[in-house]
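Visitor: Sequences listed follow chains A and B, in order.
Position 191, counted from 1, in the first sequence is what the working numbering calls 191; the numbers after and before it change by one each time, with no gaps.
Each number in the working numbering corresponds to the 1-based position in the second sequence with 460 added.
Derived DEER-like restraints, expressed as beta-carbon distance ranges:
1. ALA505/B to LYS454/A: 51 to 59 Å
2. ASP38/A to PRO506/B: 39 to 47 Å
3. LEU529/B to GLY11/A: 21 to 29 Å
4. GLY94/A to LEU529/B: 28 to 36 Å
5. VAL41/A to GLY510/B: 42 to 50 Å
6. SER28/A to ALA505/B: 20 to 28 Å
7. LEU529/B to ARG44/A: 36 to 44 Å
8. SER28/A to ARG626/B: 44 to 52 Å
9. GLY11/A to ALA605/B: 50 to 58 Å
Derived by calculation from the structure, the hints in this document are not laboratory data.
From the three backbone atoms N, C-alpha and C, an ideal C-beta is built for every residue, glycine too.
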Amino acid sequence: MNVLVVEDEPGAREAIVELVRELGYEASGVGTVADASDAIVRLRPDVCIADLGLPDGDGLDVVRTAKATGHDCAVVVLTGRGSVRSAVEAMKAGAHDFLLKPLRTSQLAAALAHLSERHEGGRGALAEGLPEAPAEGGLAGMVGRSAPMLEVYRLLTRVARSNAPVMITGESGTGKEVAASTVHLLSRRAGRPFIAVNCGAISPTLVESELFGHEKGAFTGADRRRAGTFEMANGGTLFLDEVTEMPPELQVKFLRVLETRTFRRVGGNEELDMDIRLIASSNRDLAEAVRRETFRADLFYRLNVFPLRLPSLRERKDDIPLLASHFLSEIEMKERRGFSSFEPGALHALATHSWPGNVRELKNAVHRAYVLSDPPGIEAEAAEAVLSDSGTAEPRPLARDEEAWPAVEVRVGETLQAVEKKLLTATLLAVKGDKRVAAELLGVSLKTVYNKLKEYQLET
Amino acid sequence: MNEALPPDPPGGIAGALGTLRHALADPLSAAGVKLELLERRLAAAPSDAGALAERVRGVRADLAAAGRLIDLLPRLAAVAGEAAVETSLGDLCRVAGIPVEGAPAFEPRLVLRRLATIDALRILVWFLRSRDPAGAPPLLYDDSAPGRLALRIEAPGGGGEENPERLFHLPRGQERAGDLFVARAGIESDGGRLQLVEREERLVALVSWPAPAPAGEEGAAS
Numbered sequence: 001m002n003v004l005v006v007e008d009e010p011g012a013r014e015a016i017v018e019l020v021r022e023l024g025y026e027a028s029g030v031g032t033v034a035d036a037s038d039a040i041v042r043l044r045p046d047v048c049i050a051d052l053g054l055p056d057g058d059g060l061d062v063v064r065t066a067k068a069t070g071h072d073c074a075v076v077v078l079t080g081r082g083s084v085r086s087a088v089e090a091m092k093a094g095a096h097d098f099l100l101k102p103l104r105t106s107q108l109a110a111a112l113a114h115l116s117e118r119h120e121g122g123r124g125a126l127a128e129g130l131p132e133a134p135a136e137g138g139l140a141g142m143v144g145r146s147a148p149m150l151e152v153y154r155l156l157t158r159v160a161r162s163n164a165p166v167m168i169t170g171e172s173g174t175g176k177e178v179a180a181s182t183v184h185l186l187s188r189r190a191g192r193p194f195i196a197v198n199c200g201a202i203s204p205t206l207v208e209s210e211l212f213g214h215e216k217g218a219f220t221g222a223d224r225r226r227a228g229t230f231e232m233a234n235g236g237t238l239f240l241d242e243v244t245e246m247p248p249e250l251q252v253k254f255l256r257v258l259e260t261r262t263f264r265r266v267g268g269n270e271e272l273d274m275d276i277r278l279i280a281s282s283n284r285d286l287a288e289a290v291r292r293e294t295f296r297a298d299l300f301y302r303l304n305v306f307p308l309r310l311p312s313l314r315e316r317k318d319d320i321p322l323l324a325s326h327f328l329s330e331i332e333m334k335e336r337r338g339f340s341s342f343e344p345g346a347l348h349a350l351a352t353h354s355w356p357g358n359v360r361e362l363k364n365a366v367h368r369a370y371v372l373s374d375p376p377g378i379e380a381e382a383a384e385a386v387l388s389d390s391g392t393a394e395p396r397p398l399a400r401d402e403e404a405w406p407a408v409e410v411r412v413g414e415t416l417q418a419v420e421k422k423l424l425t426a427t428l429l430a431v432k433g434d435k436r437v438a439a440e441l442l443g444v445s446l447k448t449v450y451n452k453l454k455e456y457q458l459e460t
Numbered sequence: 461m462n463e464a465l466p467p468d469p470p471g472g473i474a475g476a477l478g479t480l481r482h483a484l485a486d487p488l489s490a491a492g493v494k495l496e497l498l499e500r501r502l503a504a505a506p507s508d509a510g511a512l513a514e515r516v517r518g519v520r521a522d523l524a525a526a527g528r529l530i531d532l533l534p535r536l537a538a539v540a541g542e543a544a545v546e547t548s549l550g551d552l553c554r555v556a557g558i559p560v561e562g563a564p565a566f567e568p569r570l571v572l573r574r575l576a577t578i579d580a581l582r583i584l585v586w587f588l589r590s591r592d593p594a595g596a597p598p599l600l601y602d603d604s605a606p607g608r609l610a611l612r613i614e615a616p617g618g619g620g621e622e623n624p625e626r627l628f629h630l631p632r633g634q635e636r637a638g639d640l641f642v643a644r645a646g647i648e649s650d651g652g653r654l655q656l657v658e659r660e661e662r663l664v665a666l667v668s669w670p671a672p673a674p675a676g677e678e679g680a681a682s
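The shape of chain A in the complex, shown without the other chains:
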């Protein structure tokens, strides 16, 4: 891999060039944007490491020049500014990555190693022949071929090649985690871990230890060293689900880690490098959360480098037959009752429903209709029964009106735990899986809902 270093200070430039060579790559250096433009055309480097402050421009000009030549050169921007703005601007301009000065060898080595994988074909799914362009029915784990989804695939494929943070928004049930995992699968990090963290489910008292890990003896009960989420996800992708639920004090910590790309285990002195691609999601209006000051503006900007909105199922009704068949195949694979299709009336019923709970609701509906039908086809009556049972097309009012919700039968002799599980299951079913609404109705925190789902081993 051929690396061009663009740094105006000769001593620093020579040292970086030498270090890059020590790391096993070919390297050369120039000191201005003009010389960089010339070198990109002449040398056709695979990677440019460009300082943000140059005598005749800045690192972003190098990004633009590289793009203008049409040569596939990844630009890593070096910045000493340390502001959110400079980092976000670099990524939005198309930089592949940015590194904060003072430069740490380990971070430079990690960035170059990833780019080397990309250059040489790497371990990403793209390189292994998996779909770079959307396949017939979808992309990686995503299903659908409607126009809104084709646009989503185009954006996903594009962003997967970079290291830019992605912010996925969309209604509950639209498949935000599936989209995040698709970005991971299509990226050069595909062979590394994909770790999903639900920000609403993190215990405030243990959050630091959960994320950063801890050393033995760091606090009462810490009887051995434990790796945190950042260490477990290192080299891979960290998915922050429901990011607006992140506790305020954690937002501050998180921002610092994003800025410095280093962290320490609780009770530890060793500074560990963070090499993680971040994807966040929310089904809330993030801009509104920033306005209400429940979510930090600087963290929002840092995570929102590449926003991606997933369409609701109402916006892609053309995909309903394809999705329904996909879920039917999935269920049939597990249960093997001999189903292979839908009766036309069943598909019609599914296609005309408005799906406030989106793809997750469709999946549940197909499963329930499967239970109610006899093979080989999902019956129209079963589909209609399931949909009428699931209520009106519009989301139910969030009122504590006892008449508005289905009843749960409880008998004397049942354990409190069994009753709790029953009520939780029924509530989630009634609100189409929306855990936030369920938490509100049950009068508990979102975290408690997640904890109970885990405790009772219910599907999340």
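Place chain B on chain A using the hints.
Guide: Chain B only, in chain A's frame:
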């Protein structure tokens, strides 16, 4: 909203701090890379260079510590660049997610940097909680006295800090000292005061600001 970016700190002290961070980062970065190369050369050299390589490693660690400290400059720049607005401690605590019991100190209007004060309060609560993660969360108390609005933040456990004031002076190896340093800068920028003291084997944060002049006195004083 997607396209908008936060502004860089304005000029004045905030701009100067940002420029200082940038200017310091360059030589620190170059020195670090040069030392890395030197260490690699020495490591590959005959065995008598081992002690020298160890020395170089030590210098690199010193340099890395300095490199971490300059990351405080953008945070100070953010404090310096924020305009103070009229607000109340009750409002700030609510945004910071810190429960208050409606004590008198939380109601009067003060002119404060909102984000800097919210961050400072969060840092203090976080710091005290981290001393005893399994214990009860820290609580806020109204500690006001004539002429001063004051808060006391304390957690039931988590004492044992011999000289807590030392933490504000950025001792090496103290991970949270940087946060506390920025918290104090935020409070003091608005004329406030922040202390960490040990009381009855508990670590207690004391935060105070001059009380606003009662209505009518302000004009008389000017």
